[in-house]
Amino acid sequence: MRTSTDEVTEDDGSIVQEMNTAFNGVYANSRLGIIRRNFSVLNKDIVVPLYLSLVRPILDYGAQAWSPYLLQDIRTLERVQRRATRLVPELSNLPYEERCQRLGLQTLENRRIRGDMIETYKLMHGYEDIPYTKFFQLNTNNLRGHSLKLAKPDHWRTTLKGNWFAIRVIDQWNSLPENIVTAPTIATFKARYDRHLGIVGVIG
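First residue of the sequence shown? That's 0 in numbering that gives the first Met the number 0, and the numbers climb one at a time after it.
Everything labelled a hint here was simulated from the structure, so no lab data went into it. One or more of the hints may lead you astray.
Ranges of calculated distance between the beta carbons of each label pair, as one might list FRET restraints [stated by the list, open to error]:
1. Pro48 x Leu93: 38 to 44 angstroms
2. Arg81 x Leu196: 35 to 41 angstroms
3. Leu70 x Glu127: 28 to 34 angstroms
4. Glu177 x Pro88: 30 to 36 angstroms
5. Pro88 x Gly144: 16 to 22 angstroms
6. Glu97 x Asp44: 15 to 21 angstroms
7. Pro130 x Tyr26: 20 to 26 angstroms
8. Pro48 x Arg74: 23 to 29 angstroms
9. Ile185 x Gly103: 19 to 25 angstroms
10. Ser174 x Ile45: 34 to 40 angstroms
Quantities reported herein were computed from a predicted structural model and do not represent experimental measurements. The C-beta atom is built at its ideal place from N, Cα and C for all residues, glycine as well.
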């Protein structure tokens with residue numbers, strides 16, 4: 000049974016995340032407006048570098064800490080990139096996913112998942128100053144899957160807690176093949192992960 004304290008905590012967390020997402024969406028959209036107003040000619044070679052330097056960092060900020068889980072928040076951020084990809088006139092009538100592919104972009108949702116996997120890899124292989132045991136426990140009970148499989152908590156009381164980094168990454172990480180999670184370097188991990196998911200020609 001969920002206590003009133005749990006409900007308040009979850010509601011408060013959801014409100015904070017919604018406010019943070021809304022602020023980032025408005026701020027990123029304002030940057031898009033600046034690009035549109037200050038460039039009379041827009042094409043791939045102009046839009047992509049400007050978007051990557053001025054807009055996407057706002058949408059990416061703190062993603063591993065507060066990755067949105069409510070559909071409305073996911074759509075708020077993704078809508079900004081949808082608008083950005085339409086700034087290239089010859090692509091404006093194409094479906095969003097195809098526009099992203101032509102411009103060398105991932106959807107923001109897929110990019111956040113990739114970022115989660117990279118951060119998990121870095122923790123598991125000692126690239127961060129904090130030990131991975133502060134976040135995870137290895138699953139020693141189930142021998143199926145790879146050698147760095149993570150144990151999943153039996154339950155958590157709130158949806159918000161279920162979206163915490165240390166919990167939300169477990170299923171995705173556990174589904175990866177052995178040769179990816181045991182890659183010798185971060186660069187190799189990224190390359191193998193992208194190849195595994197068929198990610199080709201993506202910038203950043």
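Hint check results:
1. Between Pro48 and Leu93, the C-beta spacing of about 20 angstroms breaks the proposed range 38 to 44 angstroms.
2. Checking the proposed 35 to 41 angstroms range against Arg81 and Leu196 shows it is violated: the Cβ atoms sit about 21 angstroms from each other.
3. The hint said 28 to 34 angstroms for the Cβ distance between Leu70 and Glu127, and at roughly 31 angstroms that hint holds.
4. Hint check: Glu177 to Pro88, Cβ distance near 46 angstroms, so the stated range 30 to 36 angstroms is violated.
5. Roughly 47 angstroms separates the CB atoms of Pro88 and Gly144, a value that falls outside the hinted 16 to 22 angstroms.
6. Under the hint 15 to 21 angstroms, the C-beta atoms of Glu97 and Asp44, about 19 angstroms apart, fit the expected range.
7. A hinted range of 20 to 26 angstroms is violated for the C-beta pair Pro130 and Tyr26, which are about 35 angstroms apart.
8. Against the hinted window of 23 to 29 angstroms, the Cβ-Cβ separation of Pro48 and Arg74 comes to about 26 angstroms, which satisfies the hint.
9. Checked against the hint of 19 to 25 angstroms, the C-beta distance between Ile185 and Gly103 comes to roughly 20 angstroms, which is consistent with it.
10. Here the CB-CB span from Ser174 to Ile45 is close to 38 angstroms, well matched to the stated 34 to 40 angstroms.
Hint compliance for this structure: hints 1, 2, 4, 5 and 7 are not met, and every other hint is.
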